[in-house]
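Use the sequences and the hints to build the structure in full.
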Amino acid sequence: MIEISQAIIQLLLLFVFFLFPITPQINNIFLKKYNFGIFDIICINIILNLNCYLIISAFKINLNVLFLINLILAVSFFIFHLKRNIIFLKEIKFQVIFLFFIINISLFLNSMNDLRLAWDGLAHWIFKASAYFQGLGFVNTGNTSYPHLGGFIWGYFWQNSIVQKEYVGRLTFIFIYTSSLFCLMSLFKSSIQNIYKLLFTTIILALTYDKNLFGGYQDYLIFSLLIINSKFLYLIINNNGKNTFLLIIFFLSAYIASWIKQEGFFYFIITTSILVLLEKEKKKKLYFLIIFFILIASYFVLKKIFNNQFSFDQKINSQLLSSVNIFYLTEILKSITFNFIVAIFKYPLWILILICIYLSLRNKKNYYQFRHFYFFFLINIIFIYLLMAFTCLNIGSNGCELVLRVSLDRIIFQTSGFYLIFIIVFLEKQKIIKN
Amino acid sequence: MLKYIYNKVINNILFVLLIIILTHLSNFYYNLYSIYVRGYDERMIRSYGDCERESYGFVKKSYELTKSQNLEIINFEDQLWPNISGLFNIVNKPVDKNYIVLLNLKNLDKKIDKDNFLTTKNIKLNLKNKNIILKDSNCYLIKND
Numbered sequence: 000m001i002e003i004s005q006a007i008i009q010l011l012l013l014f015v016f017f018l019f020p021i022t023p024q025i026n027n028i029f030l031k032k033y034n035f036g037i038f039d040i041i042c043i044n045i046i047l048n049l050n051c052y053l054i055i056s057a058f059k060i061n062l063n064v065l066f067l068i069n070l071i072l073a074v075s076f077f078i079f080h081l082k083r084n085i086i087f088l089k090e091i092k093f094q095v096i097f098l099f100f101i102i103n104i105s106l107f108l109n110s111m112n113d114l115r116l117a118w119d120g121l122a123h124w125i126f127k128a129s130a131y132f133q134g135l136g137f138v139n140t141g142n143t144s145y146p147h148l149g150g151f152i153w154g155y156f157w158q159n160s161i162v163q164k165e166y167v168g169r170l171t172f173i174f175i176y177t178s179s180l181f182c183l184m185s186l187f188k189s190s191i192q193n194i195y196k197l198l199f200t201t202i203i204l205a206l207t208y209d210k211n212l213f214g215g216y217q218d219y220l221i222f223s224l225l226i227i228n229s230k231f232l233y234l235i236i237n238n239n240g241k242n243t244f245l246l247i248i249f250f251l252s253a254y255i256a257s258w259i260k261q262e263g264f265f266y267f268i269i270t271t272s273i274l275v276l277l278e279k280e281k282k283k284k285l286y287f288l289i290i291f292f293i294l295i296a297s298y299f300v301l302k303k304i305f306n307n308q309f310s311f312d313q314k315i316n317s318q319l320l321s322s323v324n325i326f327y328l329t330e331i332l333k334s335i336t337f338n339f340i341v342a343i344f345k346y347p348l349w350i351l352i353l354i355c356i357y358l359s360l361r362n363k364k365n366y367y368q369f370r371h372f373y374f375f376f377l378i379n380i381i382f383i384y385l386l387m388a389f390t391c392l393n394i395g396s397n398g399c400e401l402v403l404r405v406s407l408d409r410i411i412f413q414t415s416g417f418y419l420i421f422i423i424v425f426l427e428k429q430k431i432i433k434n
Numbered sequence: 000m001l002k003y004i005y006n007k008v009i010n011n012i013l014f015v016l017l018i019i020i021l022t023h024l025s026n027f028y029y030n031l032y033s034i035y036v037r038g039y040d041e042r043m044i045r046s047y048g049d050c051e052r053e054s055y056g057f058v059k060k061s062y063e064l065t066k067s068q069n070l071e072i073i074n075f076e077d078q079l080w081p082n083i084s085g086l087f088n089i090v091n092k093p094v095d096k097n098y099i100v101l102l103n104l105k106n107l108d109k110k111i112d113k114d115n116f117l118t119t120k121n122i123k124l125n126l127k128n129k130n131i132i133l134k135d136s137n138c139y140l141i142k143n144d
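Top to bottom, those sequences are chains C and H. Per numbering that gives the first Met the number 0, the very first residue in the first sequence carries number 0; after that it's consecutive. Per numbering that gives the first Met the number 0, the very first residue in the second sequence carries number 0; after that it's consecutive.
Certain hints may be false.
[Stated by the list, open to error] Partial chain C-side listing against chain H, Cβ under 7 Å, derived:
1) 1
2) 2
3) 114
4) 118
5) 129
6) 133
These are calculated hints, taken from the structure and not from any lab test. Backbone N, C-alpha and C define an ideal beta-carbon position, used for all residues, glycine too.
What follows is the structure in structure tokens.
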């Protein structure tokens, strides 16, 4: 019974934690013009909190004390405008909040019943979480190329739980995943009935939920961050007013992804490059470029501080590379394409993405509005092929097949989050989703 | 007015259906029951096995018996199952050289020499009966000589 109580308490706790520092009332006072809903606020807070966690993770801090401070701050911020915050929460449709609660608890229980960690979770990621759980702070656990932020989140909530079991830390990943899916709801036109919005969100959840990926993998964090990132990119591109706040959240969400997984660093470069390239004003372009380079520099500096080196887990195997011929390259490309198609069927959201991209390209009317999605799609495909080809060239044909089989599907899955907004807006424009 | 009530009723029916389907598909009721009746260790053993796969049950018993903080664990099926040490050990503590845990060690008779020595991964182990602290089918907790 205590474990079931833990699931409910954890959900409420995460809800309170991620309503800080932007409480509903702060949103009403300073961010009213953006018309953010409750899940937008939660997602913004997730981004802000993750960035704070990144800084905190560098130090050896007592996680219980940190948790207490975090909780006191979150509760105080909420209590400060208690009446207005409660009014805001009361205005949320009961069905929405109830479904959010049920989905979270269902997925929590699913992970709590089958406690199995996936291969990478057990072989690599848990050591990072374990180091934080044991109060050791940032420790080199052997995989310097794997970023540590996911491990920090895991270890932080693991340490500050009633039952003190590792799965509690992983429940945070589920909460971030569901929150990011629910934050898509505010993109629907207000005329659309709530039940259809909920139905659509549930379908997307059914198409993207893979229990195995909650077994210690970090892919759902990247997936969720890309949803948030693409939402803010979409708002920036399609919002003519002042976008300073949107830009801050966009840059922070792109940047924080690079501290979750190695691929996140490339997504950070891709998404920020899209913003820079699509900006028409030269002055703004320059500002974006400066921010972009500052963030890249800070990434390298922090990497150096954390690991005393900068490395990705791929080392160039010059011996194998020198023996590459055109026949081998063709084989690799064939193999990547085959596994790519398999992955698309494994994660059927991709079928929907491809259909929508095809239809929207055929119907050139909305080309301008969706141009950044096409751009991301193109670079994404090139990135996947290059990454996999590079890996295969480095490790040889025997290891190549294995890597393609076990990792290509996850890499493809991660990026699918970026296209969800495109799907919603496209389907609305086609009047497929209508009242 | 009638249309409004009709919409409201349809809306609520759809929502209840959505909740029922969702909870059913996510095994909500079974998971609730399972977590309620089975303790953490029992669920871990169901996930990782007692003395098969990653052998959570055996490794846990070994840790309890030796009071060690970081046991060396060798899984002879490490191509199939990752090492479970991450769930138990204290990060960055040196490996306890006094003990070694052997998991999924099948056909032991064929693997040991006539003096009862087993050589694996550059480690030579004496598998005399007196060195075996705990044995459960294919899993062994060995005291290192």
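Going through the hints against the structure:
Below 7 Å, beta-carbon pairs count as interface contacts, and residue 1 of chain C has none with chain H, the closest being about 10 Å; its hint is therefore violated. For residue 2 of chain C, the interface hint holds, the least distance from its beta-carbon to any beta-carbon of chain H being 5 Å, beneath 7 Å. With a least beta-carbon distance of about 5 Å to chain H, the hint placing residue 114 of chain C at the interface is held under the 7 Å criterion. Proximity of residue 118 of chain C to chain H holds as hinted, the smallest CB-CB distance being about 5 Å (cut-off 7 Å).
Below 7 Å, beta-carbon pairs count as interface contacts, and residue 129 of chain C has one with chain H at about 5 Å; its hint therefore holds. For residue 133 of chain C, the interface hint holds, the least distance from its beta-carbon to any beta-carbon of chain H being 6 Å, beneath 7 Å.
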